[in-house]
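Going down the list, the protein sequences come from chains A and B. Using the working numbering, you'd call the opening residue of the first sequence number 26 and step up by one each time. Using the working numbering, you'd call the opening residue of the second sequence number 26 and step up by one each time.
Please keep in mind that the hints were generated in silico from the structure rather than gathered at the bench. Do not take every clue at face value.
Copies of one chain are not kept apart here, so a pair can be met inside one copy or by any two copies together.
Each computed DSBU-like pair below joins lysine-lysine, with the alpha-carbon atoms no more than 30 Å apart [unchecked claim]:
no. : residue 1 : residue 2
1   : LYS191    : LYS247
2   : LYS528    : LYS468
3   : LYS146    : LYS60
4   : LYS158    : LYS468
5   : LYS35     : LYS470
6   : LYS114    : LYS126
7   : LYS191    : LYS40
8   : LYS153    : LYS463
Now for the letters of each chain:
There are 2 protein chains.
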Amino acid sequence: MSVNYVNLDKSDNFKKLLETPVCQIKEELSSDRIKKYSASAGAGLVYNFAGKKVNNTILTLLQGLADEQQLIEKYKLLLNGDVINTGEKRMVLHHHTRGMKLDDVVSEGQDMTKFYDGEKKKIYDFAKKVHNKEILGSTGKPFDTVVQVGIGGSDLGPRAIYLALKNYNKPVLNAHFIANVDPDDANNVLSSLNFETTLFVLVSKSGTTQETLTNQKFVLNKMEKANISGLVPLKHFVSVTSATSPLAADTNYLSSFFIDNNIGGRFSSSSAVGGCILSLALGPEIFERFLSGAREADKQALNSNIFENAALLDALIGVYENNVLNMKNTAVIPYSESMSRFPAHLQQLDMESNGKSVNRFGDRVSYSTGVSIFGEPGTNSQHSFFQYIHQATSIIPVQFIGFRKPQIDADMEYQGSTSGKKLNANLVAQMTAMGVGKDDENKNKNFDGERPTSLLHADQLTPETMGAILAHFENKVMFQGFTWNINSFDQEGVQLGKLLANKVLNNQMDDVLKSYADLMI
Amino acid sequence: MSVNYVNLDKSDNFKKLLETPVCQIKEELSSDRIKKYSASAGAGLVYNFAGKKVNNTILTLLQGLADEQQLIEKYKLLLNGDVINTGEKRMVLHHHTRGMKLDDVVSEGQDMTKFYDGEKKKIYDFAKKVHNKEILGSTGKPFDTVVQVGIGGSDLGPRAIYLALKNYNKPVLNAHFIANVDPDDANNVLSSLNFETTLFVLVSKSGTTQETLTNQKFVLNKMEKANISGLVPLKHFVSVTSATSPLAADTNYLSSFFIDNNIGGRFSSSSAVGGCILSLALGPEIFERFLSGAREADKQALNSNIFENAALLDALIGVYENNVLNMKNTAVIPYSESMSRFPAHLQQLDMESNGKSVNRFGDRVSYSTGVSIFGEPGTNSQHSFFQYIHQATSIIPVQFIGFRKPQIDADMEYQGSTSGKKLNANLVAQMTAMGVGKDDENKNKNFDGERPTSLLHADQLTPETMGAILAHFENKVMFQGFTWNINSFDQEGVQLGKLLANKVLNNQMDDVLKSYADLMI
């Protein structure tokens, strides 16, 4: 396969999109369109885009853009182990952690399917032994709690998924998370724990993450100070790290599971980074179902027809909204309290991947790349920032996520409808209101409409659905990166802050840094 | 006092700002500037704006804009009970709940100081009796848990403040919150509770909020189904509502506390809406200290000199960034895990207040009003979307919040520094990196800098500091609303969604609404 990596503004279809008249949602929106403007995302997840500012003319050009930018071909090359992460000169292999591949891929002499499956099996075996009480705490008590110590990609995704699924199936072990170097975070979490029955999962690919190592030392210190007879702190720790990291060499841990350099933190939820804590907390069966949903979505994303590939279409409409309609934000609103922290994960996934100003060759691009992402669950957000979405001077497209059934089978009727029905009545009411609006002579009560919306929907938030939602957004972000011709898989923008923080800690400050430090330290 | 309410684009100073050359942070930033560009926010809270794209010329014009738009005079009129909320024809009296006033204000024949102080005293008396075990659950057991049932302004502010202060002082009662009409929210919270020892606080000003009444019925139902001998469900409920609401008339509640129509939900944290749960959970002394901090910030906000009024200056710089520099987002980043939910509260406060397209007279404005607000705590956010802030094509100003001491006095040293020092080293490193940047021939490792930052800092996140931070932002939002000549105190944009949701529930749908409903219900 031979592909060309070219900037968005070289695309003929993109140029035509810039010249094509913008369409009006309120003129287009109809029962027929709501039925037709729908694309599968895999695993029962469906993307409805009837509320977007697109029509058949624009969709044809978006299909042309996808073909011209060879998005599916580039996805296939990524799957096959091309060095897509040009900045760090690495492969991009997160799909392989859920068994999605076209051919075998070998990295540094290692068959990567064997590597990922092998680590997964080690984790599953370990988790089962913990659950069966074959593996106990150092004072002989069974574990009832697991705490992830990690930050960024080692925290946001696993945490969001744990919260999303803990009401689906009662956790086997209760999970907690320590991420922030703020000592109040660790102290707060530790205050409620019984060290004898708690297992810690230390996650750091490099084995050098400042916050994570500090927090580990913090925990170890507290365990020692607790002065519990027979307690061996490190025997309450497993590590998830790369095989070459300093952590991996330390045999004092209860166990170690390995990750590799071909997966960035924000794409690591389906690797051992998510797999270890999720298998311990929810069970290997639940994690396996989560992976199967992600794999289904990955397969769907291979389709070159935008009407049969939700991730691809979602990506292209996002580019259209950003680069043609000049909309620089997207709100992600799950109508599901269980998904309360998923927008925070997506914020990282999308903004860290596509918040770039140079293309994959290191040349500055002359167009806008990634948008800002934020969100809170509905209906809560209706009582918060939806005023802004309906009536502000800036337009924010909304990506709704909804489920036909609640997770916990204990709903009740009040005034003729269940809570679940009220929830979804609000969801569809918001989609309609944002698109169609309502004229009013009192301009303060007028709704212009023309606020773009889309809906990812499924029957229920199951492990499979959660996997598919995660993979949908991972693939959307990837396709957008290809469309903009940027590298979505490095993060050089985080380096300068680290460097300067170390200068403060090592007392090597220039005047400006010193003056700021004098305010705070 | 006679004031003129005029649109921003009529202002001479604003026109001059549009013509004034933009200044470069990296050229201006110096040790001297960091010391000088600092304004008091009251109660020990200080606003540092050395990292903003302003110089003395621009600041002089911003002072001129403040004077021209009569911002302090309008604040005084608001304090004195003018009908500032023109849409709903109401006063705006949240300052009075913390004792901030210039003169007595009478609303509907009632002296409002007496009203707010009276309800506060009722709450304090009630809370003390609960704490002293003079008031018990209906089966004779003392209360150990309090649950707020409310949404939007009845949820986000009180929840954020509870989380912010629960590590400062061990809670007297543990607090939980049920907001979402999603049944998984209530079921999840209720699953961990002992009904006999739980007190619920039902908060709805109108007494008709769909989600809140549904959730109350949900809770009552679960309590009845629990079949606990002697349990009288409504005797585990207090209500916080307006004196004229249907709830207020019901004498079956354990107690009722009143709020009034002169305070919107998002400004109600210092009223009985926040006061009831916070006094029960944290104690009246803590809530009283919180109010005193807010009052100090309110007093500081009376100063007409922008260098001595942080809320005013923060507001004006925000307008400059939005309307001159064309920056439409602001990230709010507390370097404090305890403040993890404060950005969500601020998102509501700011976006619901200033996400408007018409001025206070109902005429459409021709300029941009409120910005989008989002945020997560540092250092977590460094490992998430800070890549975007450093290197994306869109620029997002960052409002940092930091404290010199952690809340919990149990920090530890590792590799020569405490966790708290590492936290703040990162904070000042980020401020420096965003402003100054770093040139690199490899454009992928290049940092342009010129990302505006500001810092609100204090010694510690105490009740007083939390009150001052809350009031700072409430006053900032108010001053921005005055500057844009909009009404920051109504929210007509939430009405259409409510109307359409009821149409779904009452089966009165048009084709579009029905087709969306068919997807989800």
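Outcome of the hint check:
no. : hint             : in the structure
1   : LYS191 to LYS247 : both (28 Å within a copy, 21 Å between copies)
2   : LYS528 to LYS468 : between (55 Å within a copy, 23 Å between copies)
3   : LYS146 to LYS60  : neither (43 Å within a copy, 57 Å between copies)
4   : LYS158 to LYS468 : neither (66 Å within a copy, 53 Å between copies)
5   : LYS35 to LYS470  : between (43 Å within a copy, 25 Å between copies)
6   : LYS114 to LYS126 : within (20 Å within a copy, 63 Å between copies)
7   : LYS191 to LYS40  : neither (47 Å within a copy, 55 Å between copies)
8   : LYS153 to LYS463 : neither (57 Å within a copy, 50 Å between copies)
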